[in-house]
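Trainee: Each protein sequence line maps, in turn, to chains X and U. The first sequence begins at 2 in the working numbering and counts up by one. The second sequence begins at 243 in the working numbering and counts up by one.
Source of the hints: derived by calculation from the structure; they are not laboratory data. Note that the structure is predicted; figures quoted are calculated from it, not measured. No false leads were mixed into what you were given.
Anything over 10 Å on all C-beta distances counts as not near chain X; from chain U, calculated:
1) Gln464
2) Tyr517
3) Val554
4) Glu623
5) Val654
6) Ile680
7) Ile697
8) Gly742
9) Pro868
10) Ile943
Within a straight-line C-alpha distance of at most 20 Å, the following computed PhoX-like cross-link-like pairs (lysine-lysine) qualify:
11) X/Lys211 to U/Lys852
12) X/Lys188 to X/Lys210
13) U/Lys900 to X/Lys175
Think of the CB as a built atom: it goes at the ideal place given N, C-alpha and C, for glycine as much as any other residue.
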Amino acid sequence: MKKILLIVTTFLVSFSMNAEDAKYMKAMEKNVATLDSATAISTYSEVGNAFERIGSANAKEWLPLYYQAFCTVMIGMKQETPSKMDEYYDKAEAIINRADALSPDNSEIVVVQSWINSMKISVDPMTRGQKLGQRSGMLNEKAIKLNPENPRAYFLKGSGLYYTPANYGGGIDKALPFLEVALEKFKNAKNENSIVPHWGQFQTEELVKKCKKSE
Amino acid sequence: MLPDKTMKAKLIFFFPLLLLMVGANAQTIISGVVKDSKGISLPGVNIFIKDTYDGTTSDASGKYSFTTEETGEKILIATSIGFQPFEQKITIASEPISVSIKMKDAISELKTVTISAGSFEASDEKKMVMLRPLDIVTTAGASGDIYGAIQTLPGTGIVGEKEGLYVRGGDASETKTYIDGLLVDNPYFTSVPDVPQRGRFSPFLFKGTSFSSGGYSAQYGQAMSSVLILESQDLPEKSMSNIGIMSLGVSGGSTKRYKNTSIGVFGGYTDLGPYFALVSQNREWENAPRAINGSFLLRHKTSATGLIKAFVSYSWNELLLAVPDTSDPLLLRTYNYNLHNNNIYSSASYKEIVLKSWTMNAAVSYSDNRDHIRVNEYPIENKNTFFESRLTLSHSIGELSVLRFGGEFQNVKSAITVSPVDFKEKYSAAFVEADIYITPKLVSRMGLRGEYSQILDKTNLAPRVSLAYKSGEFSQFSFAYGNFYQVPQKNNILNYSNAGLSFEQATHYIFNFQHVSDMRTFRIETYYKDYNNLFYLNSANNFGTNTGYGHSRGIEFFYRDKKTIKRADYWISYSYLDTKRLYNDFRKEAMPAFAANHTASLVFKYFIPKISLQPSLTYAYSSGRPYYNPNNPDFLADRTIDYHNLSVSFSYLTSIRKSFTVLVFSVNNVAAVKNVFSYNYSSDGSNRMAVGPTADRFFFIGMFINIGSQKDDSDKYN
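If we strip away everything but chain X, and leave its shape as in the complex, we get:
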C-alpha cells in the first residue's frame, strides 16, 4: 500500500513538475516567437512584460530576464530624449545583471551587457565614449572568449566597428571581417531549442549588405 502511495505521489509530483516545465517552455516559445518578428514599440513592451511575468514565476531561469533586458533596450532605442533613453538602458542593465548573477560567465548575457554599454555611449558619445567604450569593448572580448562560437559576439564587434568613424579606429573595412565571421557562425549554429538566443542573423546580413554597397 505504502509503495503504491509513494509511486502515485511521485508520479503526481513529477507530472506537475513536467507540467510546470511544459508551461514555461510553451510560454517562452510563444513570446520568443512574437519577439522574433517584433518591430513596434508596443510589441516590445508587451513581450517584455510577458518575460517579466515568466521571470518572476521562475526565479531561477536566466532566459526570461535575458529577453526582458533585450526588450527594454529595444524600447530604449526608440525613446526621444536622452534622459528617457538612459532610464531604459539603466533598467536593462539592472535586469541583465540579475541574469548574470543566475548564470555567470554566460557569453550571451555578456553580449547584452556589452551592447547596453554601447547604447549608453550613443546617448552622449563625447562624454561617455572613452570610459564606456573601454567597458563595452572588454565585455565584447569576454563574450567571444567565453564562447568563440557565439555569432552575436562577432556581430556586436562588427557593428561597433561599423559605427565607429575610421579616425577612431573603426570603419567598414575593419567591421566586415567580423560580420563575415558572425554570418559563418550563424550558419553553423546548432540551437538546442527554440528559446535560446538566436537573434542577429538578419541584422548581420543587412549590415554586410550595407558594407558591400559602400565599398
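Position chain U relative to chain X; hints supplied.
Mentor: Same frame as chain X, now just chain U:
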C-alpha cells in the same frame, strides 16, 4: 501481489484529484485602469498576479483586462519603468474583479530635487549637471586649466594679473580648493608679480568638479566666499598610457590595471624658453619658466564597496623675471625676481560601507611647499607644511535622506625668512549635517560647523541651511543661508601681532531658480553677502584689528543650449556685482580692485564629424575694474578700460596606430586686444605702467596620444 479493494478505492479517489490538476479551472476576469499620481492614464504597464504567468499590459488608454484560473488570496502587481512597483492583495473568487491602480513615481535622480543654490557641478556620473568634466578640458581660453574653465561660470571675476578665483566680490584667499574632502594648501603655482599662475593639478585627475559660489555644506570651512570641490578618479577600466607633445614641453603617463588595484605614474617637463624666443612677451623674462613634475597614483579595491586612494605629486619650477622697480620715478629700473619652487602634495583616503547604511570616509594629506626667492641677490626662504586628517561618517535614512557628521584636524607650519616669527596653527573642526527629504520634491539641508583655531585661540559655530523645491519636471527653486568663517591671512597674522585677532566672517543669502532639461539649462541666482570682522589695518598705528566689513550683492544668469544649433553646444553667463569693503590697508570703504560690476562670457563648441574637427571659442568680457591711483584723493575711484578677450581653439580627433589622438591648436586673445588689468605707479606717483596680459596673444599647439592596452585583460576583471 494484487491490490486489495481498499487500494483500488484509494486509487479511484486519486484520479479525480489528478484530473482536477490537469483540467481547466473556472476563469476569473481581472480588469481596471492604470493611472499615475496626477491621474494620467499609463500605457505599457505590466499587471500580473504574483508568481504566476497570468497578466497583461495596459493599453493606450491605461486599461487592462486578463483572466486567471487562480483562486483565493493573491497579490496583484503592477510594474513600469519610472514608477514604484504597485502591490495589492486581492481575493479571487468567481466574480470578476476590478482594480484601479495608481502608480507612484519611482525615486530617481531625475525626479528628485537637489540642493542647487550656489552650486555648479561637473560630473560624468550624475545626470542633470551643468557641466561634464570634458567641458573643462575643451573650453577655449582655459588652456586645460581647471581654474580657467571655472572662470567662464557666473560669479567669478576676470583677474588676469594674479591666480585665483575671485568669487562674488571675495578675495582669492576666500576661495578654497578641496580634493577628496581635503583642503589643498597650495593649489596654484607660486605667485609671481603680475604673472598669473595655473593650478597645479591636471583636470584629467578628476571625475567630478563642483564649484560653489556660496551657501555650501557644513563639511567645508575656512572659505568665506567659495569652495572648489574636486573628486579624484576611481579605479580605471583598464591599463593605458598617454603621451603629450606640446609647444611648451612634454608629458606622459601610464596606468596599469590589476584585478583590484591600479598603479599610475605620470610626469612632465615644460620649458617656455623656446616659445618665448619665437613669440614676443610683455614681460622681461631673464629665464623663462621651466618645470618638472611627477606623480604617482594608487587605487586599491579592498572589497566590493571599499576603495583606497593614494596620490603623491612632486613638482619643481624655476624662473627669473625682471620686474619694474616702483622706487624709480621713471619706472625704467628693474629688479630681478628669481624663484625656485619645490612642492610635494600627498594624500590617502579610504572609503567603505560599514554596518549596512553607514559610509565611512577617512583621509589624510601632507604637503610641503618651499620657495627659494631671490630679489636682486637678497634671498627669501618660504617654507610651508600642511597636514590634515579627516573622518566623515554618513548614514542614509530611507531612500534619499542622509545624515553626515565628522571632523578634521589641520596642522599648518609656515616660516618665511623676512618674518621673525613662524606661523604655527593647529585647527580643528567638527560638523554635522542632515539632508532631509520631506518629499522627493522638497529637501532641506541643515548643518552646523564648529571650529577651533589655536593661533587665534578662538572658536566659532557656523549654521548653514539650504532648501530646495522641485516645481516642475525640469525646474526647481532653491534657497541657502549660511555663516562662513576664516582665519585671517597668514601674512596679516605674521606681520601684525595676532593678539586679539579673531575669525573673519561672511553671511550668505542665496536664491536660485533653475530649469535643467536634457539639452537646455537655464539658471538665475541672486545673492547677498555680508562681511564682518574683516582684518583691517589702522594706518596710524599699524595695528591690525577685526574691524573691517563689507558686502556684495548681485544677480547672475547662466544659459546652456545643446539643441538649437545642431552639433553645437554653447553657454552664456552673466554676472552683475555690487560690492564694497573696508579691509586690509583700505583707506575707506570701496569697491576692491579685483571686482568688476559686469562680467560675461560666451563659450561655444562645435563639432564637424566629417573631418573630426571641434572648433571652439570663448569670449570673455568684464567692465573696468578699480585701480589705486596715488594722485587721486578719492581712494580706488579710478576704473580701467573694459576687458575683452576672444580665444579660439581647434581640436582634431584622429587615431595614430590605433591610438586615440587629439591635436590641439589654440590662440588666446586672437584680436590682441590691449587689455589693462591695473596700473603700477612709481612710489612718488609721477609715472605709471599698465599691467596687462603677459603676451598680446598666446599660441598653443599640442598632440595628445592615448595608448590603450592592446592586451586583453577582460577575463581577469569581470
